[in-house]
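Engineer: Sequence:
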Amino acid sequence: MTVRPHLPSTWNRSLRLMLATGLALAFHVIPAAAHQAPAGWQYDSSCCSGVDCYQAPKSDVKETKYGYQLSTGELIPYSDHRIKRSHDEYFHECKPGGDANSQRSFCLYVPDRGM
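Each residue of the sequence shown is one higher than the one before, counting from 4 in the numbering used here.
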């Protein structure tokens, strides 16, 4: 017969509380903060987790008949929900980790074209 030591009920409650708190912290997701473009405006948090967006060189984005063609070959149709309005005169790309070579964009910020 195994004898288990009797622990005071307050100790059991404390242990359970610490375990529950530890699990809650382990699975707690802190929302990522977006960061600012060089001109000072804020990228949308749905596009950027703080490191994903950058001002793209003009040569990286071409306007085609079907949409925006990025230098990586990715085509983002004009009707795509990932297209956002740029708050300056530059294109801004948002890709995982800000990797300009990534084939997948989270968002593309497009400057106004005077229309």
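It cannot be assumed that every hint is accurate.
SDA-like cross-link-like pairs, simulated, lysine to any residue; straight-line CA separation at most 20 Å [what the hints assert, rightly or not]: (1) Lys87 with Cys50; (2) Lys61 with Asn104; (3) Lys87 with Asp47; (4) Lys68 with Ala40; (5) Lys61 with His90; (6) Lys87 with Gln39; (7) Lys68 with Gln45; (8) Lys87 with Ala40; (9) Lys87 with Ser62; (10) Lys65 with Ser48; (11) Lys61 with Asp91; (12) Lys65 with Gln39; (13) Lys87 with Asp102.
For each label pair, taking beta carbons as the anchor points, the in silico distance ranges come out as [stated by the list, open to error]: (14) Gly53 with Glu77: 20 to 28 Å; (15) His38 with Lys68: 28 to 36 Å; (16) Pro80 with Ser49: 25 to 33 Å.
For the record, the hints were derived by calculation from the structure and aren't laboratory data.
Yeah, the Cβ is synthetic: ideal placement off N, Cα and C, and Gly gets one too.
Engineer: Please go over all the hints and tell whether each is borne out by the structure.
Structural biologist: Now the hints, each set against the structure:
Distance hint between Lys87 and Cys50 is fulfilled; the C-alpha atoms sit about 9 Å from each other, no more than 20 Å. Among the hinted pairs, Lys61 with Asn104 is consistent with the structure: their alpha-carbon atoms are about 16 Å apart, no more than 20 Å. For a cut-off of 20 Å, the pair hint linking Lys87 to Asp47 stands: about 9 Å separates their Cα positions. Between the alpha carbons of Lys68 and Ala40 the distance comes to roughly 28 Å, so the proposed pair goes past 20 Å and is violated.
With a C-alpha separation of about 16 Å, the suggested pairing of Lys61 with His90 holds against the 20 Å cut-off. Proximity of Lys87 to Gln39 is assessed by CA-CA distance (about 15 Å); at most 20 Å being required, the pair is judged to hold. Proximity of Lys68 to Gln45 is assessed by CA-CA distance (about 29 Å); at most 20 Å being required, the pair is judged violated. With a C-alpha separation of about 13 Å, the suggested pairing of Lys87 with Ala40 holds against the 20 Å cut-off.
Distance hint between Lys87 and Ser62 is fulfilled; the C-alpha atoms sit about 19 Å from each other, no more than 20 Å. Between Lys65 and Ser48 the CA atoms are separated by roughly 25 Å; this puts the pair beyond 20 Å, and the hint is violated. Annotation: proposed proximity of Lys61 to Asp91 holds, straight-line Cα distance about 13 Å (limit 20 Å). At most 20 Å may separate the alpha-carbon atoms for a hinted pair to count; Lys65 and Gln39 exceed this at roughly 24 Å.
With a C-alpha separation of about 19 Å, the suggested pairing of Lys87 with Asp102 holds against the 20 Å cut-off. The hint said 20 to 28 Å for the Cβ distance between Gly53 and Glu77, and at roughly 22 Å that hint holds. Look at His38 against Lys68: about 33 Å separates their beta carbons, and that is inside 28 to 36 Å. For the hinted restraint 25 to 33 Å between Pro80 and Ser49, the CB-CB distance of approximately 18 Å leaves it violated.
Violated hints, listed in ascending order, are 4, 7, 10, 12, 16; each of the other numbered hints is respected by the structure.
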